[in-house]
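A.B. asks: Following the hints, put chain B in place on chain A, whose structure we already have.
2 protein chains.
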Amino acid sequence: MEKNQVTVLGAGLIGSLMAIYLKQQGLEVEVYDKRPDKRKSTFEEGKRSINMAVSHRGWKALEEVGLKDKVMPLAIPMYGRKVHDEHGGTTFISYGKENEAIYSLSRGKFNQLLVEEGERLGVHFNFEYKCTDVDFRTQEIDFQTPEGEKKVLAPVLFGSDGAYSSLRLAMQKQIRFNYKQEYITHEYKELTIPATAEGEFAMDPNALHIWPRGKFMLIALPNPDKTFTCTLFLPHSKSKICFDKINDENDLEILFSNYFDDAYQLMPNLKTEFFTNPTSALINVECFPWVQGTSLLMGDASHAMVPFYGQGMNCGFEDCSILNGLIDKFGTNSWDLVFEKFQKTRKIDTDAICQLAMENFEEMRDSVADPKFVLRKKIEAKLYELYPNDWIPLYSMVTFTDMRYSEAYTQGKLQEAIMDRVMADPLITENWNKLDYEDIIYKMETAKAV
Amino acid sequence: MEKNQVTVLGAGLIGSLMAIYLKQQGLEVEVYDKRPDKRKSTFEEGKRSINMAVSHRGWKALEEVGLKDKVMPLAIPMYGRKVHDEHGGTTFISYGKENEAIYSLSRGKFNQLLVEEGERLGVHFNFEYKCTDVDFRTQEIDFQTPEGEKKVLAPVLFGSDGAYSSLRLAMQKQIRFNYKQEYITHEYKELTIPATAEGEFAMDPNALHIWPRGKFMLIALPNPDKTFTCTLFLPHSKSKICFDKINDENDLEILFSNYFDDAYQLMPNLKTEFFTNPTSALINVECFPWVQGTSLLMGDASHAMVPFYGQGMNCGFEDCSILNGLIDKFGTNSWDLVFEKFQKTRKIDTDAICQLAMENFEEMRDSVADPKFVLRKKIEAKLYELYPNDWIPLYSMVTFTDMRYSEAYTQGKLQEAIMDRVMADPLITENWNKLDYEDIIYKMETAKAV
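Residue numbers (full-length UniProt numbering), protein chains in the order written: chain A, 1 to 450; chain B, 1 to 450.
Chain A extracted, bound-state conformation (with noise of 0.2 Å):
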């Protein structure tokens, strides 16, 4: 054991996002996977998806690092929702102002630049070590490598090991533990519309684009290469339509003719990668404390949420950040104080954006094909350029700026229970344009003192 090292849980983006923090802050960093070393293996991603979103958290973060101008060159800006209806007609609808965007990162590139910068930095990296346990008292953990079993102390650990955390697990198993892990009904499949024959995008790429039909919808976000990495929705059993009624290529034609034709036209793999690809469940996780002695759970290990609101990996590179704050203002001989602290302010905020993200799936897969929808937002946007300070859309408050996300959900509650009000005006498809909006304002901001 060298004095000032720590260890880190998992590799993946919020692992190793967090030991090139620690590096930084002058500590010895030894960080554990259980895949394998992605540089000399086949990729494999298993239940995790292909493409992230990152948004002004996760760049804020990477900033910090000084790693911002190296990973902007890997992403594609998506400025907004390109929404395809049943006949192939598209609408866009602006995620923020001009120029706001979200980016199509690509998860295995992006983890391996993090690893790779890591490791430049003096980062030592261990794969293929499977923890099996924690011993709380003795500061152990127990992996499973290709060598056999190994055990190493750990007294300060930083648990960023996923949705399935083996620390967490080990927490469940030791200590008083309030746990909750709730799949939800749908469940998710990726496919892909290539580039074109020459080489070209299928769609416009600087969009997310979906396809809601209710209860069900498809993504499609792009990459790099030119193709498209395509999310199917549904849910997993007992609906007129779902996973387990698609059981040979005709049920999966007349689904994708029947409800996204435009997209079907531009997939020639469908029938192949949709009986190849896994279906992957959707899972929140919601957990207290995260804290026992001197080991940490952060990111998704203590609040996996579902993908709806692009912030999964935003939220976690913002634990990162935060934590670094907490060092910053501790030093890296406080950790109790540091941790503490972390778990005592971080906590309703994570709660936060796992509500928002299981709330946002309704807007996805179904209000954004409604008219008013479009409207609502075209009322919020003006309300934003009018009021800049005073109205920001919960989505913009969430997506591009670092505001605490339990502060952007109170907003975002009274945000909407006003614009439920105008909404309600039976001729506000006629009248939006005359609305009165100082009174909107007038009014939240009554609303908010009371």
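These aren't lab readings, by the way, just hints derived from the structure by calculation.
As the list makes no split between identical chains, a pair holds if one copy fits it or if it spans any two.
Straight-line C-alpha distance at most 27 Å; calculated DSS-like pairs for lysine-lysine:
no., residue 1, residue 2
1, K130, K173
2, K173, K245
3, K34, K173
4, K38, K189
5, K238, K180
C.D. replies: The following block gives chain B in isolation, referenced to the frame of chain A:
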């Protein structure tokens, strides 16, 4: 593997009773438990409380297997709560009608009786078999035993292995499993009031004694050896009065002499016991599904509740009774069907009793000390007397009937709302005997019809 063989995990109260039911169905029954055979070793209960309170649902199941008459002599009837105030004064509040009681029973002896009864019928008990994993594809259980690791094939598995169930953990790791474990702020410690010098009970044995003190409480249940087992419920920490702040005999003396003085005078061994006996946590567990293939979670393994309604064991016994009814109906060759029907119908009932158990804690530690509460109970008792089919107090529905817990819950909430209105009369203390009871029933029936 014999034909018609079933496996039960856990030889606690629920597992042993289930094994007896299954044996009586003509099946070969293997039971595995991680603990040593109690008849061959010193008694050790670990985290479980020593006393049980058997009520109607429990007796009904015992009667079905023909054991009611054997168990009754071990039980001490408690006809109501004896509430102790801070000055040593007591108030008796009946649980139900005359002769309606809940029965104090010692876990150890009762469990032993069930195991012996099972063995007499031909159930095979295997002790010191600690389940480490369950493989749902091969239907094999891994056990750690004093003779090393063993694998056991269990094509039909009843998982009654308690609040910290191994089967549930295996399900949590392997399948799409919704799961919640929640610790309440309070913990408990068991203490003793010994028999008097004359070898008699030191207090009325036919009551459950409560010292309600708002945020905390002490209770005592009688044992056949003329002692009482007391349970002290305090917050774990972060309160003026909590386990964390009782660090020496002086702290302890201040607490007991200030709040429980009449009990304190009867507890010569308090100081030794307090600092020797463990402080145990209280957990609520809810999960779903309960079934994976032909493995089933039941009892505390699927719905561990806090002890404040005295229904944990009664509910688990009712699980056994309902399963037995389904086996009667569908036979012993349709386990899929039996288990599926069970989880489909039973879940809302166990959710209801878990919720009621949580809510009853406040009643026990706080409301029972309120004269208004006593009056409220009196009015409800009167309603019950006058309209025995229309108004059964919630406690009675849960404790003295086998009405579905979910129905009791709904009806209870309705009655609560009506009683809130009745009690809102500022002169209720003076006027309660002149109440228009028929009108109350009429209001309840009307509300129900809505």
